[in-house]
Amino acid sequence: MKIFVCLANVPDTTTKIKFADQKFDETGVQWVINPWDELALTRAMELKEDAGTPVNEVTVVTIGTISSEPTIRKALAIGADNAVRIDAEPKDSYSVAWLLSEYLKNYEGDHLVLTGIESSDYNGFAVGGMLSEFLGVPSVSGVSALDIEGDHAKVSREIDGGLEQVAIKTPFVAIVQKGIAKEPRIPAMRGIMMARKKPLEVVSPLSFDNVTDMLDFELPKAKPQCKMINPENAKELIGLLQNEAKVL
Amino acid sequence: MAVIVFTESWDGKFKKSSFELVSYAKAMADSVGSKTIAISIASVDQDELKKLGLYGADKILTVSNEAFKTLDNQVYTKLIAEIAEKEDVRILVLPHNNTGKALAPRLSVRLKAGLVSAAVKLPSSYDPFKVYKKVFSGKGFAHQVVNTEKKILTLSNNSFELIESNTIPEIEEYSPEVSATEISTTVVDIQKQTGKLILTDAEIVVSGGRGMKSSDNWGPLEELAELLGAATACSRPVSDEGWRPHSEHTGQTGKIIAPNLYIAAGISGAIQHLAGVSSSKCIVAINTDKDAPIFEAADYGIVGDAAKVLPELIEAVKEMKA
Ligand SMILES: Cc1cc2nc3c(=O)[nH]c(=O)nc-3n(C[C@H](O)[C@H](O)[C@H](O)COP(=O)(O)OP(=O)(O)OC[C@H]3O[C@@H](n4cnc5c(N)ncnc54)[C@H](O)[C@@H]3O)c2cc1C
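Keeping their order, the protein sequence lines are chains A and B.
Residue numbering for the first sequence is 1 to 248, as defined by the working numbering.
Residue numbering for the second sequence is 1 to 322, as defined by the working numbering.
Among the clues, some could well be false.
Stated by the list, open to error - Calculated cross-link-like contacts (lysine to any residue; reagent style SDA-like; alpha-carbon spacing at most 25 Å): (1) A:K235 with B:Y126; (2) B:K121 with A:P205; (3) A:K246 with B:E222; (4) A:K18 with A:W31; (5) A:K2 with A:K227; (6) A:K169 with B:N260; (7) A:K182 with B:V187; (8) B:K16 with A:K169; (9) A:K227 with B:K16; (10) A:K227 with B:E8; (11) A:K227 with B:A258; (12) B:K16 with B:M28; (13) A:K182 with B:A270; (14) B:K59 with B:K121; (15) A:K91 with B:C282; (16) B:K121 with A:A222; (17) A:K18 with B:V178; (18) A:K235 with B:P293; (19) A:K246 with B:Q191; (20) A:K2 with A:K246; (21) A:K91 with B:K13; (22) B:K78 with A:D160; (23) A:K227 with B:Y132; (24) B:K59 with B:V145; (25) A:K227 with B:V178; (26) B:K308 with A:E244; (27) A:K91 with B:Y132; (28) A:K23 with B:K16.
If you are wondering where the hints come from, they were derived from the structure by calculation, not from laboratory data.
It should be emphasised that the depicted structure is a prediction, and the values quoted were computed from it without experimental measurement.
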C-alpha cells in the first residue's frame, strides 16, 4: 500500500509577517513543511516501518514552484521514497485541491492520502476535504491516531467534547491534526545525503481556476498596554475583571 | 433564495454557537433580501426548535434518520447539498468546529461554492462578496473575496453576538433517502468527556504552561476554573510532557480559541501559543518574568509566582461570589 502525503510549503512559524504590494512579503523568510503535514509524514514513515502494516511506499505531493524544492527535499530526507511537484503557484484551497486530485485520481493501486487539517499561511482548513470530494472518496477529519490492518484503517478523530474511533476501508483521505505522531521527525545526516538521489517528478499543471482571492492584507492592530497589578494585591485583579473589563 | 445554516444540538439542546450561527445567517439574509433556513439533525423537541426562530430562522428543516447518528462526511455532504439545491442556497453557514471543518470543504466542491473558513465578522461587502479573516495564524488579516455565485462560510465560535428577532419559524420534516451502502465510516467506540466544559465553547479559560512546574501543581488552576465556570487549557510542552491531555493544547498546532477571558499562568507567550489565543477578548498573564512576551499580548498582568497568585485569585473569586 502506498501513502500519499500532501505537503504545503509555508513560512517558518516564528516568521515576522510583513506585507508589501498587497502580498505577503517573502524577503528573508525561511520555508518549512506545514507543521501538520510534517506530523502526517512522520506517521506515514512509522506505518511504513511497521512490518505489521501493508504500507511499503510513501510519496509526498506538493503544488508549488521550484522555490518549494528545499522543503520537498527535507521531506525526502525525513524518509519519503519519492516526491511529486505539480509546478504551479498555489492560488487558493480549491484550485490546490483540484490540482492534487487531477494527479491522484490516476493512481490505481491500494493507497491512502494524508493531508494536514490546515496550513499555517492562509488558514483555509479546506484542502483535505475538498480533495476527497474531487476524488469522490470518503474522508475523516480531525484525525489524531491512524492504524492500518489489511485494507482497513482504524482512525481516532476528535469530536466536540471527545474522541471517536472509526473503522474505514482504503482508499480515503485522512485529514490529520496534533496527536497523529508524537514529535515531527528531524532528518538525519544519512537521510539528507540520500534525499539528493531520490526521485522528484515535476508535473506540468492543467489549466485551473481559483474561486477565491485574498486582498487588503494588514497587520493586527497594536494592543493597548498591559495593566500591571502588584502581586501583593493580586486580589485586585478580580475586581478589575468584573468592573472594568466586564468579563466576569 | 436562501441563507442556510447548519445547527448542532447536544443532548436535545442547541449549542450557544448554533444561536450565534442563526443570528449571523439572519443578518446576512436581511442584507441580501432572502430567507433564513436552519437545518437541525437529531432529535430536538418543538420548544427547543422554536428557539432558532427567536434568533431569526424563518424555516427549520428537521432530519431524524438513524443514518445521521454519527458523522459520515459523504452522507452528511449529500444531505446538506440536497437541501441547498432544493432551497436555492445563496450562502451556506456552518460552525468552525470539528463538524464544520469536515463538511464545509466537501460542500464547497459539491456546490461549486467558494469557501471562507473561520469568519469572525459579517461580510464587509456582498457584491463583491468579501469577508475579513485571520491569516498567518493571527499574525495578519485579509479580505477573502469569493467569486462564485454560491458561498460557504464557517463562523468561529464566540465571535458574533446573539441578536433576537422573534420570528415564528415554519417547521418542516425532511426525510432524505440514505442506503446503508453509502455509509463508509463506522464508529466503533466513543470516549466522551462527561461533565466537562468543551474548551472551544468556553467563555472563560484558565491555562497553564511549563511555569506550573509539574502536573501535581494543577490543583489551584482547576479550582479557579471550577469557580469561574471555566474550561482548562495548556501550552504545547505541557501536553507533550503528558502533564495534561492533548485536547487541552492551545495554540497554532492545537486548539484555536476566542473566549471572553483567557488566564495564562506560567506561559511565556511564544508566537505559536499566541496564534491560538490572541482573539480572546481579555487576556490575563501571570508570570515570574516581567519581560515574558505574554505581557505584550495581555490586558492585565501580574509578575509573580503562579503557585502563590492562583490561590489569592481563588480567595478573591470566593469573596466576589459571597
Ligand atoms: C511548529 C511549532 C508549533 C508550535 N505550536 C505550539 C502551540 O500550538 N501551542 C503552544 O503553546 N506552543 C507551540 N509551540 C511551542 C512554542 O514555541 C513554545 O515553546 C511553547 O509555547 C512554550 O510553552 P510554555 O510557555 O508553557 O513554556 P516556556 O516557554 O518554558 O515558558 C514558561 C514560562 O513560565 C514562567 N514561569 C516559570 N516559573 C513560573 C512560576 N513559578 N510562576 C509563573 N510563571 C513561571 C517563565 O518565566 C516562562 O515565561 C510550537 C513550536 C513550533 C516550532
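Okay, the hints, checked on the actual structure:
no. : hint               : in the structure
1   : A:K235 with B:Y126 : violated, 48 Å
2   : B:K121 with A:P205 : violated, 35 Å
3   : A:K246 with B:E222 : holds, 22 Å
4   : A:K18 with A:W31   : holds, 15 Å
5   : A:K2 with A:K227   : violated, 55 Å
6   : A:K169 with B:N260 : violated, 42 Å
7   : A:K182 with B:V187 : holds, 24 Å
8   : B:K16 with A:K169  : violated, 35 Å
9   : A:K227 with B:K16  : violated, 31 Å
10  : A:K227 with B:E8   : violated, 39 Å
11  : A:K227 with B:A258 : holds, 20 Å
12  : B:K16 with B:M28   : holds, 19 Å
13  : A:K182 with B:A270 : holds, 20 Å
14  : B:K59 with B:K121  : holds, 23 Å
15  : A:K91 with B:C282  : violated, 35 Å
16  : B:K121 with A:A222 : holds, 19 Å
17  : A:K18 with B:V178  : violated, 49 Å
18  : A:K235 with B:P293 : holds, 23 Å
19  : A:K246 with B:Q191 : violated, 36 Å
20  : A:K2 with A:K246   : violated, 55 Å
21  : A:K91 with B:K13   : violated, 40 Å
22  : B:K78 with A:D160  : holds, 22 Å
23  : A:K227 with B:Y132 : violated, 29 Å
24  : B:K59 with B:V145  : violated, 28 Å
25  : A:K227 with B:V178 : violated, 57 Å
26  : B:K308 with A:E244 : holds, 24 Å
27  : A:K91 with B:Y132  : holds, 18 Å
28  : A:K23 with B:K16   : violated, 37 Å
Consistency with the previously given hints fails for numbers 1, 2, 5, 6, 8, 9, 10, 15, 17, 19, 20, 21, 23, 24, 25, 28, ordered from lowest to highest.
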